[in-house]
Amino acid sequence: MIVEFGHFALVLAVVVALFQTVVPLIGTLSRERRLMETARPAAILQLLLLLTAFLALMQAYVMSDFSVANVAANSHSTKPLIYRISGVWGNHEGSMLLWVLILASFGAAVAIFGNNLPLSLRANVLSVQASIALAFGIFMLATSNPFLRLENPPIDGRGLNPILQDPALAFHPPFLYAGYVGFSIAFSFAIAALIEGRIDAAWARWVRPWTLAAWMCLTLGIAMGSWWAYYELGWGGWWFWDPVENASFMPWLAGTALLHSALVMEKRETLKVWTILLAILTFSLSLMGTFLVRSGVLTSVHAFAVDPERGVAILAIMTIFVGGGLALFALRAGELRQGGLFAPISREGALVLNNVLLTTAAATVFVGTLYPLLLEGLTGDKISVGAPFFNMTFIPLMVPLLIALPFGPFMPWKRGDLIGVSQRLIATAVLALVAMVATMAMTERGPWLAPIMMAVGVYVMAGALQELAYRAKIGSAGREEVLRRLWNLPRSVYGTTLAHFGVGMMVVGIVATSAYQTEKVLVMKPGDSVDVAGFTLVFNGVAPNKGPNYSEQVAAFDVTRGGQPVITLHPSKRIYDSPPQPTSEAGIHASWRGDLYTVLGDAQEEDGGYAFRFYFNPLVRFIWLGALVMFIAGGVSLSDRRLRVGAPNRKSRSNAPAGAVAAE
Amino acid sequence: MTRKQKRGVLIGTAVAILASAAIMVAFALRDTIVFFQTPSDIAEGKVKSGERFRLGGLVADGSVERGQGTKVKFAVTDTLQTVPVSYEGILPDLFREGQGVVAEGRLDANGQFVADTVLAKHDENYMPPEVAAALKEKGVKLGEGAKHPGAKTN
Amino acid sequence: MILWISFAVVSAAVIAALARPMLVEQPVDTSSAQDADLAVYRDQLAEIEADRQRGLIDSAEAESARAELGRRLIERSGRDIDTPIPASSLPSWLGPANIAYATAAAIPVLAIAIYLAVGSPTMPGMPQSARLNEAPAKAGIDELIAKVEERLRRSPEDGQGWDVVAPVYMRLGRFDDAANAFAQASRLLGDSPKRLKGFAEALVLANNGIVVEPARLAYRQVLNSEPADFEARFWLAMADEQEGKLESAEKAYRAVLAEAPEDAPWKPVVESRLTEIASQRGDPTAKPDKVDTASDQAAAEASLPQTATDSSAASANSAGSAPGPTAEDVVAARDMPPEAQQAFINSMVERLAGRLADNPDDFEGWLRLVRAYSVLGRKDDASRALTSARKSAAGDSQKNARIDALASKLGLGT
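Residue numbers (numbering that gives the first Met the number 0), protein chains in the order written: chain A, 0 to 663; chain B, 0 to 153; chain C, 0 to 413.
Calculated from the structure, these hints are not laboratory results.
Here the structure is a predicted model, which is why all the values come from computation and not from measurement.
Just so you know, not all the hints are guaranteed correct.
Example chain A residues on the side facing chain C (calculated, C-beta under 10 Å, incomplete) [stated by the list, open to error]:
#: 1; residue: ALA8
#: 2; residue: GLU36
#: 3; residue: VAL61
#: 4; residue: ASN151
#: 5; residue: GLN552
Virtual Cβ for every residue (Gly too), placed ideally from N, Cα, C.
Chain A extracted, bound-state conformation:
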C-alpha cells in the first residue's frame, strides 16, 4: 500500500513535471503572468511528490519488503539498518530516483528562495529544470522503475554488494549527485537567459550561490569516493584515473572554472558569453558522467550495443539537452552584449587564465576517458588509458595554474602590476624554498621534481594566508586595526583563502604520497617482524572472527616506533554471507606524518606463512583534509550575506537606501 502510493506519487511527479515544462513556458512566451505563476507551486509539488516516492521506497528497504523487485534484488534482511537505507541508492533504479529527487530539490529551492528573481526568468528557469526532470522521469518509468513488484516475493533478498557496505560509500552518491545535479541550476539559468535573449545584471549573482553549493557537494562527494577507494580496495592508492572517477572529475573542473568566471561576470559584466557556455558545458559533463556510469558503456562499447535500452535512452536525453543547449547558444550568443575591458595582467586576466587551464585540463581528461570508447567503437581495438596518460597531460596544466593561483587574489581589477604583486609574494616564495630544501633534506630518494612540487604546494598554502594577511594589514598596522579589519572582512574573502589553502594542502598530500610512498610485499610467519618507515611491526598470527553478515580472518600486528608501542593493527580478509564475496580490509594507522597501511594476502600453503603488503603513505591525509577544507570554504562563502541575498529585494527597493542590502 505504501509502496503503491509511492509509485503513484512518482507517476504524478512526472505528470507535474510535464505541466511545469509546458505551462510556464507558454506563460513567458505570451507574457501571461497567471501561467508564469504556476511554475512555483509546480516545482514545490514536484519535490513533495518525489520525496514521497523516495520515502516509500526507503520504507520498503527498511521493512525488507521483498515484493518490490528492486528491494529483493539489492537488499537482505540481515543487513544493518544503515545499509538497508543506503541500499536505496546503491543500485541503478534507486539512484535514478535519488537523482531526480535532488533535481527537484534544487528546483523547489529556486521556487522558494527566488522571490527576488524577475517573474519571467523564474518561470523559464523552472521550466527548463522541469524538462530535465521530465526526461529522466520518463526514462525511469520506462526502463528503470524502482517500484515494480514481484508476484512471488522471495523470502529474502539477494543482498548488497559487500564492498558497498561502507559508511563513506553509503553517503558518497548523495553528495556526488547533489554536485552533478546542482549544476543543472546554472544550466537552467543559462538556457533561460538565452531564451530571453538578454542577461540581467544580477544573473551571475543568482547563479553563483547555486554553483557554489553544487561545487561543494561535488568536492566532498569525490573526496569521499577517493577515501573509500583508499581504505577499502586495499591497494593503498587514492585515485586511479578510472573512467568512473573521471566522470565526476570533469564536471568538477568545469564547475570550478564556472565559479571563477561567474565572479568576473558579476563584477565586470564581461566574459558573459563564455560563462553561459561554461554553464552549459558543466551540466553537460554532469549528464555525461551520469551517462557513463549508468549506461554500461564503460563495461564495453559492445555491452552497450547489446543491451541498449537504458544506454540509448540516457544518450538520447544527453543529446537533447547538450545539443539543444549548444544550438540555442549558437543562435543567441551573438545577441548578448559584451561588457567591460581589462588588461591581460589583471584580476580578470588571472581568472581567464584559470578558466583556460581548467577547461583545457577537463578536455584532456575528456579525451583520455572517451578515446578508448571511441577507438573500440571505430576499430574494435581495445586499449586502456591509465595514469601515465594523465600524468603526462593533466599535471603540466596544473603546474602553471598552481603557480598563478596566489597571484590572482592580489591582482586588482582591470589593470594589474605583476612586479608589484610578485614583491608582495616574496615571503611566500621564501617559505616555499624552505619547504623545498626541507623536503630534499628529509628524503633520500624520489623523483627530482618532487621537492619542487612540494614547494609549489606550500607556496599555494602560504600565498592564500598571505593574501589574508595583506587584506588585514598584518605587519603594517596595529593590533587593534588588524583585528578590526579581520572582523570586517567579508566571509567570501575567508572562503577564497580557505579554498585556496585547501588546494595547497591537497597538492602537498598528493606529491608526498605519490613520490615518497614506501611499499613492501613479503611473506611472514607468526613472530616475524618487519620495519616500515620507522615503524616496527610484529606479526602475531591470524585468527578467525565472525561479523554480523560476514566471517573473516584477522591478522594482528603489534606496531612499535622507537621501542614505544603505537597501536595494534588488524588487516583482515572477509567473506560476506550474502552475496558470498571476499573483500580485504586494510589495517590503517593514521597520523599527521602519514598512514601506515597493511593488507593481508593469501596464506602460503606449505609453510603456514601469510603474504602481506605494507605501505607508508606520507601526508596522505592532507589530500582529503584539503578537500574538506575546500568544502568548508564553500560553506563559509555561501554564508556571506551578499552572496546569499543574491539580488536586490524588489519590495524594499523603492524606499530603502540603495546600499541597504549590501551593508553588513
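Chains B and C: place on chain A using the hints.
Showing chains B and C alone in chain A's frame:
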C-alpha cells in the same frame, strides 16, 4: 594597449595553452596507452616481445603454482590458447581459477608473460569487460559472469 | 479502496495547487527588467564603498570601478531596450482559465493511465517481518513450509529459497531435506562456510551421528576458507575416530581443546572424546561408556559454535554423535518418554535398513547399520548387515580392512 591588442594577447595565450595541451595529448596517446590482447592474439603473433600490453582471459584450471615468497605462476587462457604468466605480489581477493583476469606486463624471450599488475575486479560476477568482449569474439560461451552489475559509484 | 481514495486526494491537492494561480487575478507587475538591473548597479556601488572601507580595494581602484558602474547605470537608465510588457498575447481559447480546466482534467487521467500501466494496485505491502510473524498464526509452520516448497518446486533455481528453508528443515528434524536444501543453496549461490557446515551437520544428523564422506569433504572445504573453525575441526576429528584413526583423532581433539576459548561450553565434549579414545586404545574391544558420553555430547552439541546457534532443540539433541550411534546418542530429544525414544530409534534404523535394501551398494550405509544394530543389541541383524557390507565392498581391500576393524571393535564374529 588597444582593445584589439588586449584581446589578441588573451586569445593568443588561450590558443597557445590549448595547442600545447593538444600536442601533449597526442604524444601521451602514442606513448602511454596499453593495448589489450588475448592469448589467441599472442599466438597469432600480434604482440612483439618486450611490448607492454594487457593480457586478458580466464585463469586456467589447475594452473596456479605458488613459489618462493609471494611469487606465483599461473596460466591465462581464452579456451583456445594459453599463455603462462609469472607474477610477484599479492593477488587480488577475487583471483580464482576459472575466473576472468587482466594482467599487465610484457612477454619475455621464452614467451612467458611477466606481469607487474594483476586485476580481478571487485565483484563475484564481474568479468573484465575486455575479457568478456574478447572471449565472445572468440566464440566462447559466457554465463552470468559476463554481466557487469554496475560501476562502483552506485 | 483506501489506496484509490488516497490517489484521489493527492491528485485533487495537486490540481488545486496548480490551477489556483491560473484562476485568480495576479497583481500587475510594474517593475521591469530595467528596474532590476538598475537596482543591482546601485547595490554594487554601495559594495564598492564598503569594500574600500574594509581595505579590499584601494581608493584608485574603487574610483575607477565607481566610474564604470556609473557609466553602466546611466546607459541602462537612458536606453530602455525592454519593450513594455504587453497584455497577454494568448488566444482566447488558450486563456489561463481554460488551461486550468484542461490541467484539472488531464493530470488525473494521465497519472492514473500511466500508473495502471506500470503499477500493481492490488498488491499489498509485504514487509518481511510481517510475513514471517503473521504466517505461523495464520497458516502454521507446516503450511508455511508447504508454501515454500511449492514455490521451490515451481522455481527450483531460487537459491535464496533453499537458503531460507534449510535451517527450518534442520529445526524440524528433517535432516535429509535440510542437507539437500543446503546443497541446492550452495550450488546456486556458491559455497559459504555457513552453508557447508549446515550441509555437513544435516548429513551427520541424518546418519545418526556418523560423519559420512560428503560431510567430511564439506568440513574439509570449510577449513580451506576458515582454517580455525572449531566445529569443522571437531567433526573431522570425529570422522577420524569413527574410522578408527584414533591417533590423529586424538591429536586433532587436543588441538581444538588447546585453542578453545576458556569458557567454551563445548569443551567437556572434546574432553570426553579424549577419555573415550584413551579407553578404546587401552582395550580395543571395550564398549564405549555410553551413558556418560551421550549426555555430555548432547549438552555440548547444543553449544558447539555457530551451527548450534541457528538450529535449536531437535537438531542439537539428536546430534549426539559417537563413533557408533549408541542408543542414548540417537535419542532425538531428551524430553521424549523412553518408549517414544525407543520407537524413534527403531524407526530410524528401519529407515536406514529400508534404504539399503533399495540401494545395496552403499558401503558406508552398511557400516552404519552394523553399528546401529550392534548398539541396539541386535547381534544377528548386525552380523547380517556385516555380510552385506562385505558384499558391497566387493573385494576392495581397503574397505575390507575397515570392516574387519569394525567387526573386531564391536566384538562381532565374522
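> Regarding the hint that ALA8/A lies at the interface with chain C, is the smallest CB-CB distance below 10 Å?
Replying inline: 7 Å, holds
>> Quick check on GLU36/A please, does its C-beta sit within 10 Å of some C-beta on chain C?
In response: At about 4 Å, which falls below the 10 Å cut-off, the nearest Cβ of chain C leaves the hint on GLU36/A intact, so it holds.
>> Does the closest beta carbon of chain C sit nearer than 10 Å to the beta carbon of ASN151/A?
In response: Holds, about 6 Å.
> Does GLN552/A meet its interface restraint, that is, does its C-beta lie within less than 10 Å of any C-beta in chain C?
Replying inline: With a closest approach of 7 Å, the GLN552/A hint holds.
> Going by Cβ atoms only, is VAL61/A closer than 10 Å to chain C?
Replying inline: The hint holds - VAL61/A has a Cβ within 10 Å of chain C, the shortest such distance being about 9 Å.
The structure meets every hint from the earlier list without exception.
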